[in-house]
Amino acid sequence: MSISDRVIAIIAEQAVLEPSDVTPESTLEDLGIDSLGLVESIFAIEEEFDISVPFNANEPSASDFDISNVAKIIAGIEKLVSEKV
Amino acid sequence: MKRVVITGAGTINSLGHSVPDTLEAMREGRCGISELEFRDVDRLAIKIGGQVRGFEAEGRFNRQQMSLYDRFTQFTLTAAKEAIDQSGIEFHGELAARSGVVLGTAGGGVSTWDDNYRSVYEDGKNRVHPFVVPKLMNNAAASHVSMEHNLKGPSFTVSTACASSNHAMAQAFQMVRSGAAPTMLTGGSESMLCFGGVKAWEGLRVMSKDACRPFSANRNGMVQGEGAGVFVFEEYEHARARGADILCEVVGFAMSSDASDIVMPSKQGAARAMSGALSDARLSADKVGYINAHGTGTAANDKTECAAVADVFGPHADELMISSTKSMHGHLIGGTGAVELLACIMALRDGVIAPTIGYEEPDPECALDVVPNEAREAKVDVALSNAFAFGGLNAVLALKRV
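As they're listed, the protein sequences go chains A and B. When we follow the numbering used here, the leftmost residue of the first sequence carries the number 1, and every step to the right adds one. When we follow the numbering used here, the leftmost residue of the second sequence carries the number 1001, and every step to the right adds one.
What the hints contain is simulated information worked out from the structure, not anything from laboratory work. Just so you know, not all the hints are guaranteed correct.
Claimed, not checked - Derived DEER-like restraints, expressed as beta-carbon distance ranges:
#1 B/1034 <-> A/78: 49 to 59 Å
#2 A/59 <-> B/1035: 25 to 35 Å
#3 B/1062 <-> A/21: 11 to 21 Å
We put the CB at the ideal spot given by N, CA and C, even for glycine.
Using the sequences and the accompanying hints, generate a full structural model.
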């Protein structure tokens, strides 16, 4: 599975949706994922890819990680995975 | 001062997953203590406990709930639902705004601590699930009961080791009696039967390797249990007005502190709690027909407790019955007083006294009627429930037949 598919699978599971219902344009709000759900998704992503996501739940907008939609999240993960040595 | 009655009861423990199952086991003198089953149990010296069997949490709670509910919270929610269903009470509007939840637990989410310490120390992982803190915190169970049942009044958790539930129920009682709350959910829960939870107790060297035999001369220590007991404490007129089935009345309580030793019990502290509960209830000692003992099965507790009973009740100590149901369900630590309150309700409501099982040899230092091995039928008007905790913190409740 591609990184994109793996991230979508994690987000879909959190949202209790089918992966096909999660589009690149979907926002977490669209998918019904609240702040706790977001933190849990990031944990699952970190576990899946063995990376550390620079996300601060106190101030998500100030984090160096864009969560504004699924495509942005996937792009961020792809970057982190590519930087992994 | 308002009168306070119990209109609902719920439990899960090693004797049963409901109040009727638990009371049936107590009537039959069944033992819920058996070989423990969990990871690394072979590294323990103590391998027995009153473990809850056949509890399928995954079938009761959804994935999101499972990620937030430690086993002690799962037990609490299960017992709270049974209590509320029995009571028939629904919380909305003013009733919801003023009613709350006070629960006892000694350790809170012990297995969540255990699992995650194992993960970071033993497995060397550097990341834990984000809900570890909300899952293990001692107030998690009380908070989830408040959320699940819309209880918006005073809610908190009491942690006084083995007296946690009794202290919690004493608080709930005071709130309803004073008029601060029309109804309170109260009781307690514990789930320490995991490797770290039992290993810690092992260190004290007060645990039995074979059975819990309170008051028996050949007793050799305590046995841990797990589970929860939850009750609906309700103002009497409120319960009457809605036609609720009243299980019994809570008529008094007292708390005392030994102020002497962190683990050894004190006869004076225990006696002051029992006599205090009687005076709070304005009852003379000779009205008490049954005492649910703290009765841990340790040398120190049982003889101290019996001596305290003799001091408080004088000649009547030989007339009343006193039993320890820990012999059947084990010591539920912070949840124990809640499950043991069921034995008091059974005595008052059904006229059945739960036995002290495993009783084999009389001990001259525990020369009371401990209802050995078999339940007994008897009419009881007033019952006491004792809890004497490590740290010398004691809480006794007085209950009356309605």
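Quick rundown of the hints versus the structure:
A hinted range of 49 to 59 Å for the beta carbons of residue 1034 of chain B and residue 78 of chain A is consistent with their spacing of about 53 Å. About 51 Å separates the C-beta atoms of residue 59 of chain A and residue 1035 of chain B, a value inconsistent with the hinted range of 25 to 35 Å. Checked against the hint of 11 to 21 Å, the C-beta distance between residue 1062 of chain B and residue 21 of chain A comes to roughly 19 Å, which is consistent with it.
Hint compliance for this structure: hint 2 is the single one not met.
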